[in-house]
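Based on the hints, put chain B in the right spot on chain A.
As a plain string of letters, each chain reads:
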Amino acid sequence: DQQVKQNSPSLSVQEGRISILNCDYTNSMFDYFLWYKKYPAEGPTFLISISSIKDKNEDGRFTVFLNKSAKHLSLHIVPSQPGDSAVYFCAASASSGTYKYIFGTGTRLKVLA
Amino acid sequence: ETGVTQSPTHLIKTRGQQVTLRCSSQSGHNTVSWYQQALGQGPQFIFQYYREEENGRGNFPPRFSGLQFPNYSSELNVNALELDDSALYLCASTTGQLNTEAFFGQGTRLTVV
Chain A
31 DQQVKQNSPS
41 LSVQEGRISI
51 LNCDYTNSMF
61 DYFLWYKKYP
71 AEGPTFLISI
81 SSIKDKNEDG
91 RFTVFLNKSA
101 KHLSLHIVPS
111 QPGDSAVYFC
121 AASASSGTYK
131 YIFGTGTRLK
141 VLA
Chain B
3 ETGVTQSPTH
13 LIKTRGQQVT
23 LRCSSQSGHN
33 TVSWYQQALG
43 QGPQFIFQYY
53 REEENGRGNF
63 PPRFSGLQFP
73 NYSSELNVNA
83 LELDDSALYL
93 CASTTGQLNT
103 EAFFGQGTRL
113 TVV
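Order-wise, the sequence lines are chains A and B.
Residue numbering for the first sequence follows this note's numbering, beginning at 31 and increasing consecutively.
Residue numbering for the second sequence follows this note's numbering, beginning at 3 and increasing consecutively.
Isolated chain A (complex conformation):
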């Protein structure tokens, strides 16, 4: 049972344009969501997070939107840069119990110069 889903395995975007990565979840107990970026041969790097009390969080070129009713979140990268090319993982956790993260399967973003 995949509680966190990233249905697009890959995405290609032109440099300077917006990249939109999507994530859906099924567990209504999730109340904290994160995006991580991963380059080959490296561990995941934290990008941005959002608590369920918010619907938007912004950090520089990165914005995460949360739609609780649809159980959907998205990561917007504007403008996209070639260095953003990586695999992006969405993760979710519930404040009850351990602070374990449930990860999606990732979306490979390629930003074309």
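Since the hints were derived computationally from the structure, they do not count as laboratory data.
Misleading hints may appear alongside valid ones.
Stated by the list, open to error - Ranges of calculated distance between the beta carbons of each label pair, as one might list FRET restraints:
1) A/100 - B/7: 36 to 42 Å
2) A/126 - B/55: 17 to 23 Å
3) B/64 - A/70: 31 to 37 Å
Where a beta carbon is used, it is the ideal one built from N, C-alpha and C, also for glycine.
Quick look at chain B alone, frame taken from chain A:
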């Protein structure tokens, strides 16, 4: 401030053997989690340690065990290795506070032959 470090970075073991992976948590972090990332998948939660006690476990058999030491570093032990244990093993540390991001090490790539 030192980040999360893992050792070794690569390891090849034979089916049936035992392996120990090590992780040093980020300075100031008292909670360590271990994840297994198979090829093409997102990281899967194995277990978490908080102040030297196991604080939650994912859907992994008992041959996956761990330890946390007083300096908050941690070990992951896997007994009776199986071919399907071949994966990237990631360690992540957090402050243990609610809704805070985890910082990951670069991972240990384990190959079981």
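Broken hints, by number: Violated hints: none at all, because every hint is consistent with the structure.
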